[in-house]
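Mind docking chain B on chain A? Use the hints.
Listed below are the residues making up each chain.
Protein chains: 2
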Amino acid sequence: MSLPIRSIEVDHNGTGYMPGLAIDCVIFGFHEHQLKILLLEYRNTNLLVLPAGFIRETENLNDAARRILAERTGLTDIYLEQFYVFGDQSRHDPAPMQAIMEAKGIKVAANHWLLRRFVSVSYYALVDFTKAVPIPDLLSDSCDWYDLTTLPLLMLDHSFIVQKALETLRTDLDRKLIGFNLLGETFTMNELQSLYETILGQELHRSAFQRKMLSLGILERLEKQYGGGAHKAPYLYRFVSEK
Amino acid sequence: MSLPIRSIEVDHNGTGYMPGLAIDCVIFGFHEHQLKILLLEYRNTNLLVLPAGFIRETENLNDAARRILAERTGLTDIYLEQFYVFGDQSRHDPAPMQAIMEAKGIKVAANHWLLRRFVSVSYYALVDFTKAVPIPDLLSDSCDWYDLTTLPLLMLDHSFIVQKALETLRTDLDRKLIGFNLLGETFTMNELQSLYETILGQELHRSAFQRKMLSLGILERLEKQYGGGAHKAPYLYRFVSEK
Chain A
4 MSLPIRSIEV DHNGTGYMPG LAIDCVIFGF HEHQLKILLL EYRNTNLLVL
54 PAGFIRETEN LNDAARRILA ERTGLTDIYL EQFYVFGDQS RHDPAPMQAI
104 MEAKGIKVAA NHWLLRRFVS VSYYALVDFT KAVPIPDLLS DSCDWYDLTT
154 LPLLMLDHSF IVQKALETLR TDLDRKLIGF NLLGETFTMN ELQSLYETIL
204 GQELHRSAFQ RKMLSLGILE RLEKQYGGGA HKAPYLYRFV SEK
Chain B
4 MSLPIRSIEV DHNGTGYMPG LAIDCVIFGF HEHQLKILLL EYRNTNLLVL
54 PAGFIRETEN LNDAARRILA ERTGLTDIYL EQFYVFGDQS RHDPAPMQAI
104 MEAKGIKVAA NHWLLRRFVS VSYYALVDFT KAVPIPDLLS DSCDWYDLTT
154 LPLLMLDHSF IVQKALETLR TDLDRKLIGF NLLGETFTMN ELQSLYETIL
204 GQELHRSAFQ RKMLSLGILE RLEKQYGGGA HKAPYLYRFV SEK
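Just so you know, the sequences run in chain order A and B. Counting from 4, one number per residue, gives the positions in the first sequence under this note's numbering. Counting from 4, one number per residue, gives the positions in the second sequence under this note's numbering.
Looking at chain A on its own, in the form it has when it is part of the complex (with noise of 0.2 Å):
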């Protein structure tokens, strides 16, 4: 699968683009009782970012959200979602976005549209970090699965976006499960609970985790196929079709 990996090649008016408005993307990576998060590192800098970028004039804002993380960091077909707009205007600082231009080779001036304020619109996604391999952009030097334990410090406002969309990614968690289509067709009750916890960063309690899952209306246990030592083998379910 080969994508057109681009540049964000902007003049310094914005030519082309909506003003003051970005979209930046958290992408939390799952996988086995880990939790990641996707993050890019800026040519020559060491500075770490959630993949962003800006709406084009002629352009859907969820299609422009969809674009970015598809140039930035290669990254198609994600169910990405709206989870909040970063808009105080102490998150306004010219510095870092001017370390990145010079590290560039560009210098920029004082009144150019990218040391302008803008306000972030932010989405955040949940995908098997094992089937999402990142390709950087010709802005990065890399971009990778980062744990999610161990952050390191980012950019801006960007780990406070972080924060907020996994409180958001915790609290949808019941209702958003089955978008995110993260387990097999079938699954035991187990791998659901490793999810869950994973996740919410605590262990839960097997009876009371299952009692709750039953009791939102979205499981199908599935008959035992006995035979051999099928008797052992725990339940399977899956998701219920929509109604």
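Keep in mind the hints are simulated off the structure, nothing from the lab. Careful: at least some of the hints might be erroneous.
Identical chains blur together in the list; that is why a pair holds if it fits in one copy or across any two.
Said to hold, decoys possible - In silico SDA-like cross-links for lysine to any residue, where the CA-CA straight-line distance does not exceed 25 Å:
(1) LYS227 / HIS15
(2) LYS167 / ARG69
(3) LYS179 / ASP91
(4) LYS167 / SER244
(5) LYS167 / THR61
(6) LYS215 / MET192
(7) LYS179 / ILE221
(8) LYS110 / PHE132
(9) LYS215 / THR174
(10) LYS227 / PHE190
(11) LYS167 / GLY220
Then chain B, alone, in the frame of chain A:
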């Protein structure tokens, strides 16, 4: 309580405001089996709209939402929550704004700031409409509560915004119930059920509703005060205080 009711004074370039970014407020009003919504009617037009406005360059986004609501409707101290950013290109239609300006006797140039594409950060709230008495601003002929079941035609995509806000309100009701502060300090299960039925727009089974509400862990049942005919009175509940 007197408020500074100001008109939106913006020059052709939108100086002092964030370009391309607007805020729309969906204010739901609840009282005794009725669900309403707050709408403004622009002077000398038949255009009904949500309370809306723009963000100052030196203002936090969430502060702007509260200021806009106060300036346009007179309502203060309302818990506003971001719920979605409407950013499809197709929502761009300069015609209604042109009509509003012309009704004010202002001829606007085709490249006027207000006629360009806007992305809308939308907020919602739920209040008791008998306690929230709106005052129209200088731009509006009226600012009133309208029945949600017979909603008139609204400007641009405002009906769609209302629909999305209503879905969010319904989905998030369990979690936001305490914050909305709609019930007295104590209330009966019947009063709580009536609130849910009005917002969800459907009747609920009494026992299933009670079971679900008690399982949320947010209600505390008060001991009955015996005396007089009080033994016939229903149980009273209150919200448990945050841990």
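A quick look at each hint next to the structure:
1. LYS227 / HIS15: neither (64 Å within a copy, 70 Å between copies)
2. LYS167 / ARG69: This pair counts as both: shortest intra-copy Cα distance 20 Å, inter-copy 21 Å.
3. LYS179 / ASP91: Answer is between: at 23 Å across copies they meet the 25 Å cutoff, but 28 Å inside does not.
4. LYS167 / SER244: Close across copies (23 Å), not inside one copy (30 Å); limit 25 Å.
5. LYS167 / THR61: Answer is between; shortest inter-copy Cα gap is 23 Å, intra-copy 29 Å.
6. LYS215 / MET192: both (12 Å within a copy, 23 Å between copies)
7. LYS179 / ILE221: Both: 11 Å inside a copy, 23 Å across copies.
8. LYS110 / PHE132: neither (37 Å within a copy, 56 Å between copies)
9. LYS215 / THR174: This pair counts as both: shortest intra-copy Cα distance 15 Å, inter-copy 18 Å.
10. LYS227 / PHE190: Classified as within; 13 Å inside a copy, 48 Å across copies.
11. LYS167 / GLY220: This pair counts as between: shortest inter-copy Cα distance 24 Å, intra-copy 28 Å.
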